[in-house]
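So the sequence lines, in the order shown, correspond to chains D and G.
The first sequence: position 121 = 120 (numbering that gives the first Met the number 0), numbered continuously.
The second sequence: position 65 = 64 (numbering that gives the first Met the number 0), numbered continuously.
Read the hints as simulated data drawn from the structure, not as lab findings.
Any given hint could turn out to be false.
Claimed, not checked - In the EDC-like style, the derived pairs of lysine to aspartate or glutamate whose C-alpha atoms are separated by at most 20 Å in a straight line are: (1) K109/D to E219/D; (2) K130/G to E311/G; (3) K84/D to D178/D; (4) K76/G to E27/G; (5) K130/G to D147/G; (6) K130/G to E1/D; (7) K130/G to E259/D; (8) K6/G to E311/G; (9) K76/G to D144/G; (10) K109/D to E284/G; (11) K109/D to E311/G; (12) K76/G to D157/G; (13) K109/D to D196/G; (14) K145/G to D157/G; (15) K145/G to D281/G.
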Amino acid sequence: MEAYAVQAVHGVVYGMLLFLVTSGLTLVFGMMGVLNMAHAAFYMVGAYFTYSLVQWTGSFWLCLLLAPIGVGIIGAFVERVLLRKVHTFGHAHELMLTFGIFYILAEVVKWIWGTYPLTVVAPDVLNGSVPFLSATYPTYRLFILLVSVIVLFILAFIMQKTRIGIIVRAAVFDNEMVDILGVNVQLVFLGVFSIGSALAGLAGVVAAPFLSTYPGMGLEILVDAFVVIVIGGFGSVWGALLAALMIGELQSFGIMLIPELALVFQFLLMAIVLVWRPQGLFGESA
Amino acid sequence: MTHTRTKNVLTVLIVLAALVVLPYLLTEVQLNMAIEIAFFSLFAVSYNLLLGYGGVLSFGHAAYFGTGAYFMVFALKYVAGMPILPAVLVSGVAAGLTAAIVGFFCVRLGGSYFALLTLAFNQLIYAIALKWRSLTGGDDGIGLDKHDMYLPFVGNLDTMSTFTVYYLTVIIVLISLWLIRFFLKTPYGNTVACVKDNEERAAFIGYNVFRSKLVLFTMAGFFAGIAGALFAFFEEFVSLDSINMAMSTEVLFMAFIGGTGSFLGPVLGAAVFIYFTEWVSDITEHWEFFLGVLFVLLILYANRGIIGLIPEKIKNFWSPRSASAGER
Chain D
0 MEAYAVQAVH
10 GVVYGMLLFL
20 VTSGLTLVFG
30 MMGVLNMAHA
40 AFYMVGAYFT
50 YSLVQWTGSF
60 WLCLLLAPIG
70 VGIIGAFVER
80 VLLRKVHTFG
90 HAHELMLTFG
100 IFYILAEVVK
110 WIWGTYPLTV
120 VAPDVLNGSV
130 PFLSATYPTY
140 RLFILLVSVI
150 VLFILAFIMQ
160 KTRIGIIVRA
170 AVFDNEMVDI
180 LGVNVQLVFL
190 GVFSIGSALA
200 GLAGVVAAPF
210 LSTYPGMGLE
220 ILVDAFVVIV
230 IGGFGSVWGA
240 LLAALMIGEL
250 QSFGIMLIPE
260 LALVFQFLLM
270 AIVLVWRPQG
280 LFGESA
Chain G
0 MTHTRTKNVL
10 TVLIVLAALV
20 VLPYLLTEVQ
30 LNMAIEIAFF
40 SLFAVSYNLL
50 LGYGGVLSFG
60 HAAYFGTGAY
70 FMVFALKYVA
80 GMPILPAVLV
90 SGVAAGLTAA
100 IVGFFCVRLG
110 GSYFALLTLA
120 FNQLIYAIAL
130 KWRSLTGGDD
140 GIGLDKHDMY
150 LPFVGNLDTM
160 STFTVYYLTV
170 IIVLISLWLI
180 RFFLKTPYGN
190 TVACVKDNEE
200 RAAFIGYNVF
210 RSKLVLFTMA
220 GFFAGIAGAL
230 FAFFEEFVSL
240 DSINMAMSTE
250 VLFMAFIGGT
260 GSFLGPVLGA
270 AVFIYFTEWV
280 SDITEHWEFF
290 LGVLFVLLIL
300 YANRGIIGLI
310 PEKIKNFWSP
320 RSASAGER
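Generate coordinates for the entire structure from the input sequences, incorporating the hints supplied.
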């Protein structure tokens, strides 16, 4: 029984990390209609920044602030200089462009940091474990949970209670109308894209000591994030939260009970959702 | 018009003659490259059925290429005395069936959904190939048992010879390309283009949009499977490399670099891709970076691919009216 409880918490932790990655992706998609494949690369770059920043400054805490800012700047550059250019060519080109950026960044990462997995060590405070039921539970995993929950609340607060949030939600609904009403939508796009990228970077920082930092980490999380988006429904933050938790639990228990098929379960769930509700659990029907 | 027709027939004859004599002019290494270009051309053209003709972006086309490659190995391994040509056909059918099942889930959703679903299904099929070790050899890969090929009127052919592999590959690729082109010119093939241009209107006129997309997806899978079978036959070995994300990426690059707006663009793309990777990987080990940069530059500045950069004057030689728009 206790093994199940631990596994369930593992599932929640991975699910929340997945949510952290997906939240930025859905935010950008909901607003701009762009499925940003470079998001996974931003996540990876966040993790690699953390590795180097820990080496230079010795402080992991600083990374929580600096790495997302760095990644956010890359994101701003991508939106302002590249993405805006192909917007008129249609969504296939935007997708291909973000994929091209994903591809290039993955190569740049290999170029700078090499292909071997790197280890990022979390601060001592987070390295121990805390009592949990009759055993202990690693503190770092709880830290991931904490960061994700804080981000979730901040996002929810901004979106629901502030003027910026109202503009963003309105632009998701109908960005032309918002433009006509005198809001600088281009600027809002830039802001949302940068913040979405920064969120990916933050997820990368948090993931760095937890999962290993290696060049394939982007693709791995990208596939999971895609499955989450399909299940949760495009552009829905709450859908993403629920779906991320479902995938987290499914992987966690899948690996424990039937390790051979663990990889397949989430795709199966995705297929079922697609047949039953093509727009996803929380998606609006097209 | 007849003048144009004569020119076109002549061009085809010259190209065919060139393909026949090519092996006698090339070195062994160059001939191997030519074979690679041939089956990757078919792969890229099959991919362009989706990207260029269907207007949808797939990130999972390697799933069918790989399925074809693995089934080529299975067919020759598990069916005693399986002749080569039916084995290629079996591989294509297996890939086509896989595509039909995946397509059932993917094609009803357009746009970004389609892109991420194809990627997810590619990963699923990859995971199956990885985990089903007893069948696929997992990450060790699996070797292909080659045997002689018997053709009526010709006799036994030595399949170990690069010449035989070259002619076999080129002939199958040419027949496949001709079949694809033939399909696109039929009335049913035309509905595909119609669906791409305006899905709502096509549905309103009375076309079954779902079925037409599914047929296109299945066909793309079938010919990708044929290309995969030829790949397996050439390499004499199949590994997870044939079915992974990198392969799906490469075919996107080939099709887009060549040009998605024309039938033969992807063929050019496959040739350029093979030469480019060969050439740049000699200079630097980070060739993939430069490939990515080339891809992004083309998206930004020349989104009709390399074929779009060829001056209209040259293209007008074959078809005086707008070559890129009318003649697809």
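Checklist entry - Has the given pair, K109/D with E219/D, been kept, meaning a C-alpha gap of at most 20 Å? => result At roughly 16 Å apart (the allowed maximum being 20 Å), E219/D and K109/D satisfy the hint.
Checklist entry - Quick one, are K109/D and E284/G close enough, alpha carbons at most 20 Å? => result holds (11 Å)
Checklist entry - Is the straight-line distance between the alpha-carbon of K145/G and that of D281/G 20 Å or less? => result Since the Cα atoms of K145/G and D281/G sit roughly 31 Å apart, the hinted pair is violated (cutoff 20 Å).
Next on the checklist: Would the hint linking K76/G and E27/G be met if the CA-CA limit is 20 Å?
Outcome noted: Given pair K76/G, E27/G is violated - Cα atoms ~28 Å apart, limit 20 Å.
Checklist entry - Holds or violated: K109/D with D196/G, Cα cutoff 20 Å? => result Violated, at roughly 40 Å.
Checklist entry - Does K130/G pair with E1/D here, judged by a C-alpha cut-off of 20 Å? => result Answer violated: K130/G to E1/D is near 30 Å, above 20 Å.
Checklist entry - Are the Cα positions of K130/G and E259/D separated by 20 Å at most? => result holds (7 Å)
Item to check | Holds or violated: K145/G to D157/G, with C-alpha atoms at most 20 Å apart | outcome: With Cα atoms ~10 Å apart, K145/G and D157/G stay inside 20 Å; holds.
Checklist entry - Keeping to a limit of 20 Å between CA atoms, is the pair of K130/G and D147/G held or broken? => result This hinted pair is violated, its Cα atoms lying about 32 Å apart.
Item to check | Proposed proximity, E311/G with K130/G (alpha carbon, max 20 Å) | outcome: violated (51 Å)
Next on the checklist: Tell me if the straight-line CA distance from K84/D to D178/D falls inside 20 Å.
Outcome noted: With Cα atoms ~19 Å apart, K84/D and D178/D stay inside 20 Å; holds.
Checklist entry - Taking 20 Å as the top limit, are the C-alpha atoms of K109/D and E311/G close enough? => result violated (41 Å)
Checked against the numbered hints given earlier, the structure breaks hints 2, 4, 5, 6, 11, 13, 15 and satisfies all the rest.
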